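> Got chain A sorted already, so can you dock chains B and C onto it with the hints?
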Amino acid sequence: MAFRKTVAAIVVALGAAAPAFAAEPLKIGMVLPMSGPFAAYGKQIENGARLYLKQNGDTFAGRKVELIIKDDTGIAPEISKRAAQELVVKDKVDILAGFGLTPSAFAAAPVSKEAKKPMIVMNAAASAVTTKSDYILRVSHTLPQITAPVADWAAKNKIRKVYTLVADFGPGHDAEAQFKKTFTAAGGEIVGEVRTPVKNPDFAPFLQKIKDVKPDAVFLFVPPGEQTVAFMKGFAERDLAKAGIRVIATGDLTEEDILDAVGDNALGIINSLQYSEVHDSPENKAYVQAYYKAYPKDRPNYMSVSGYDGMQLIAKTLEKTGGDATGDKFVAAAKGMSWVSPRGKIAIDPATRDIVQTIYIRKVEKVAGKLQNVEFDKVADLRDPGKQ
Amino acid sequence: MTVIFDGIASGMLLFLISVGLSVTLGLMNFVNLAHGAFAMLGGYVCVTLLNRAGVPFLATLPIAALATALVGVVLERTLYRRLYAASHLDQVLFSIGLVFMSIAGAHYFFGAQQQPMVLPEFLQGQINLPGLDIGVYRLFLIVLSLAIAYGLNRLVRGTRFGAQLRASVDNPRAARGVGINVERIFTLTFALGTALAGLGGALGVEMLGLDPSFPVKYIVYFLIVVAVGGSGNIMGSLVASLILGVVDVAGKYYVPQIGAFVIYAVMVVMLIFRPQGLFGRRAAR
Amino acid sequence: MQAALTLDLAPIARADRWRPAELAFWLIPVAAYFIFPDNLVLLTQIAITALFCLSLDLILGYAGIVSLGHAAFFGLGAYAAGLLAAHGYGDPLFGLVAAAIVTAVLGYVTSFLVLRGADLTRLMVTLGVAMMLYEVANKLTSITGGVDGLQGMEVLPVLGQFEFDLYGKTAYWYAIAVLFVLFCVARKLVHSPFGLSLKGIRLNVGRMPAIGAPVNARLSAVYTIGAAYAGIAGALLAQTTQFVALDVLSFNRSAELLLILVLGGSGSLYGALLGTIVFMSAHHLLSDLNPQYWQFWLGALLVVIVLFARDGVMGGLRRLGAALGRNK
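So the sequences go chain by chain: A, B and C.
With full-length UniProt numbering, you'll find the first sequence wraps up at 388, consecutive numbering, no jumps.
With full-length UniProt numbering, you'll find the second sequence wraps up at 285, consecutive numbering, no jumps.
With full-length UniProt numbering, you'll find the third sequence wraps up at 328, consecutive numbering, no jumps.
Here chain A stands alone, though its shape is the one from the complex:
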C-alpha cells in the first residue's frame, strides 16, 4: 500500500497523473510563522482559512479538505523550505499555501516548481515572489501595490514636501523607491530621507531631525509592530502634528492587530491597503460578524482575509477543474479567476499570477469607540506596479 501511494505521489509530482482523485481528500499544507516574533501573522492567516472552511463546508468539488499546518518560526528560510519539502514528500499535499514572509516564499518556491504543486502565497509581499515558480498564485498584496496609492494621493492633495523614513532593510528600500517614484512623478518633492536601523529601540534622533526640516508629511515604513508604536509615540511626544506634519504610511502599519497598541496616537494617519475591518459591503459585514463569533479575542485584519481568500480561490478553482489539483491544470484554471472578497472585488492577473485589487486610501479614526481605518478614496483594480 505504502509503496503504491509513493508511486502515485511521484507520478503526480511529475504532472502526469490521471484524474482519479474525486473521492480522495484534498490536502493543503500551510507553511506559516506560528511561533516567534511573527506568530500573529500565522494566527490571522490560519483563522481566515479555517473560517472559510467553517462557513462553506470543508468539501471542495467533492474532495474533503485537510489542512496541515507547519511552523517555520518566522524568518528562517531553511525551515520554510524543509517544511514545504516535507509537506510535499511526506504528507503528500496537493497544494502549498501560507508563507508569511518573503524569504519563506522565496525558499519554498523551488519546491513548488520542481514538484509542480500550486503554491498560494498569503502574505509575502516582495514583488518578485510570483516570478520564482510558475505555480505560485498570490492572494494578498505586493509592497509596491500598497505603497504607490498613498504616494499618488499625497501628491494630489496638497502635500508637496515629504520626508521619508524607512527601516534599513530590503522591504524598506523597496517601499522608499516606489514612494519616491510615484510621488515625484506626480509632482511632489522629497525633502529628506533617512533609513533607520531595523533593530531600533529609539526614534528620538530621527524625529528630531524631521522636526528641524518641517516637511508637509512623513512617509513611514518600518516593520509593523513595536516600531510603529514607538514612532507614533515619539511623534506625539514631540508635537510634530502641531507643527503641521502629517504621517502617511502603508496600511500594514495600521492594521487592526497593531492599531490598539498604537492607541490614540494613530489618529489621523493616512495610509493605503486592500482591507479594512470597516469596509462597507455586505460581504465584509458578514465576514466580520462571523470572525468575531469564531474568534472573540482577535480582530479581523488583512492577513486573515488573505487566508480566507486563499481557500476561496482553491475552492473556486477546483470547481472549475472538477477536483483536479495538479499543478498545471490548477494554475491554468486559476488564472483570470475573479470573485468578491470581503475586501471587495479581486482577481488573479492571468499574465503574472499576481493579485489585481482595489487599494483604498484610509484615515485612522475612532468608530464606535474603536480605532479603525476609514476608507475615503481608492485606486480601483490595481495591478502590481512593481512588475511594470
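Keep in mind the hints are simulated off the structure, nothing from the lab.
On a predicted model such as this, the values are computed, not experimentally measured, just so you know.
A portion of the hints provided could be inaccurate.
Stated by the list, open to error - In silico BS3-like links for lysine-lysine, alpha-carbon gap of 25 Å or less:
1. A:Lys116 x A:Lys316
2. A:Lys297 x A:Lys285
3. C:Lys169 x A:Lys90
4. C:Lys139 x A:Lys180
5. A:Lys209 x C:Lys139
6. A:Lys329 x A:Lys27
7. B:Lys217 x C:Lys139
8. A:Lys199 x C:Lys139
9. A:Lys211 x A:Lys180
10. C:Lys169 x A:Lys113
11. A:Lys161 x A:Lys181
12. B:Lys217 x A:Lys199
Coordinates of chains B and C only, in the frame set by chain A:
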C-alpha cells in the same frame, strides 16, 4: 542639546532594564539570561493592571517589581538554588530554557500582538525650553534611574547587607563560617535582581513595546551594558549605559547611514581597551 | 632518575584508536536514510548543524574560548558559497573550499580581538563582530539581497554527477560525507599534540608557556580552524537549501548553537553531534505536535536536562556508562 538629552534618557533606559542583570550576573556570579523574561513579566503585570484593572501607572510600578520578585523567589528556592555551583554554561542552558518557556507562556496568555500602553497625562508631552526639548517621560526615567543607582550603590557598598553579600559571593564557606546566612542573602539578592528586572520591564514598555519575544529581542542590550560596565558594578553599569546611550543616539542623528553599527563598534572598542569593563574588578575566578 | 622521566604515553595513543561504539554511531546516518526516507531534508540540516556545532566545540570545548558570535563565520561561508553560485560558479566543492578560505581569513584576523579578556568579554566581542557583520550584509542589500534573501543561486551537481533532487537524497549524502570527513580530521586534530596542548591551555593557561607552548598562537590557530569549519557548514546549508538570507548571520543562530553544544556536552566531539540530534529532533517533533507553543516544551526539556544531567547528554551518558560499569 536635545540630542544629548535624548541620548542620556536612552542610556538611562538601558541602565534600568539591565541593572537587574548586573546584580545577578555581577554580584551573584550567575549567568541569568532569563533576565529578559523577568522584565517581560514586569511589563505584562504593569500593562494588565493598567488596562484591565485601571490601576494608576505609578502604582503599577511597585506592584510589577514585587510580583516579579515573588516569582523570582519561588524560582530561586526551587530551581536556581541548585545551579549556583554549576558551570556557567549549564546556567546558560537552564536560563535559556526558562526564556523559551516564558515566551510560549506569554504567547499563550497574552497573545502574540503588541500590548497597548498609555501613560498618564502628566508624563506625556515635552517641556520646551529655548534650544532644548525635554520629554517628560524621559526626564522621569533619568531621575528614577539616578535614584536607583544611588540607592543600590549605597546598599552594596555601604550597608551591612552589602558587606554580607560581597562576602558570600567571594567566599561562601568563609562567610558561612562567620555566621552569615548565605542562602538567605542569596535569595534576597536574587529577589532584588528580579524586582529590578520587573521594574525595568514595566518602565520600558512605553519605549520598547511589549510582546512575547521581548526576552530575546533585548538580551543583547542587557549583555552589552553589563559587559562594558564591568559586571557587578552598579556605577560601572550607569556610566556604560550613559556612554552607550549618548553615542548611539548622536550616531543615529548625525550619521544615520551607520547608525546600527555604532553601539556594537563602541562596545568592541571599549572591551578591547578595557577587557574587564570600565570599572571591572580583576576576574573573580 | 631516568626511569621517572619516561612517561607512559600509551593511554594517549590509545585514545586515538576508533572504538566499536564510534563505528556503531556512524551507522546511524546510514540507517536513518532507510528509516526516515521522507525526512531527508531535516536529517541533512541536522548533519549541517552538527558540523557547525563541531566547529564551536573545537574552540569552546577544546580551547575554552566562549563565543556568542559564531554565526559570523557560518553566515560568511553561506554568503561566499551563495554568491559564487549566483554568479555562475556553482560547483559545490569549489564553493566549500572558497567558503573555508574566506572564513579562515576572517577567523584569523578576529582571533586577535578574541584573545583579549575573560569569558564575558570574549562573549561580547564575538557577539559584536557577528552583529556588525550582520549589519554589513543588511547594508549591502544590492549584493546580498538582505532580509529577503539572495536571488538566483544555481548550484551544479555534486562532482558533476549527482544533481540536488526534490527528495533531498543527494543533499543528504553530500552533507553526511562532508561531515564525516571533517569529523575524522577534527578527531585526528584533538588527539594530536596540538589538540593536547589546547586542552592544557583550557585547564591551566598559566602553566602552558612554562612547557614551551605558545598560548596565543595555538588559540589563534584553533580559532581559525573553527571558523573555517563553520564556514563550510554555512556553505553546505546555502547549497542544499539553494537560498541564503540574512538570518544565517543572526544572533539567534549563534545563541542556539551554543545551547546545542552545551546540551550535548562541550569538550567531546560526539557531544556536539548528539546535542544537535537531540535538540533538532526535539524541536521538529514538538513543533509538529504543537506549532504554536512548542517552545514551552523545548524550554522545559532544557531545564530538566540541566537539573538532572550536568554536562549535557554526553555527561549523562558517561555517568550512565560508569554506573553500568560498576554494576558489572
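> So, for every hint listed, does it hold in this structure?
Status of the hints after comparison with the structure:
A threshold of 25 Å between alpha carbons decides the hint, and for Lys116 of chain A with Lys316 of chain A the separation of about 20 Å falls inside it, so the pair holds. Annotation: proposed proximity of Lys297 of chain A to Lys285 of chain A holds, straight-line Cα distance about 18 Å (limit 25 Å). Distance hint between Lys169 of chain C and Lys90 of chain A is fulfilled; the C-alpha atoms sit about 14 Å from each other, no more than 25 Å. Restraint check: the Cα-Cα separation between Lys139 of chain C and Lys180 of chain A comes to about 20 Å, which is no more than 25 Å; the hinted pair holds.
Using a Cα cut-off of 25 Å, the hinted pair Lys209 of chain A and Lys139 of chain C holds, with the two alpha carbons roughly 22 Å apart. For the given pair, Lys329 of chain A sits about 17 Å from Lys27 of chain A by alpha-carbon distance, which is consistent with the 25 Å threshold. The hinted pair formed by Lys217 of chain B and Lys139 of chain C meets the criterion: a straight-line CA distance of about 20 Å does not exceed 25 Å. For a cut-off of 25 Å, the pair hint linking Lys199 of chain A to Lys139 of chain C stands: about 13 Å separates their Cα positions.
Under the criterion of a C-alpha separation no larger than 25 Å, the hint pairing Lys211 of chain A with Lys180 of chain A is consistent with the structure, at around 20 Å. Between Lys169 of chain C and Lys113 of chain A, the direct Cα distance comes to roughly 18 Å. Compliance with the 25 Å bound is thereby established for this hinted pair. Annotation: proposed proximity of Lys161 of chain A to Lys181 of chain A holds, straight-line Cα distance about 14 Å (limit 25 Å). For the given pair, Lys217 of chain B sits about 9 Å from Lys199 of chain A by alpha-carbon distance, which is consistent with the 25 Å threshold.
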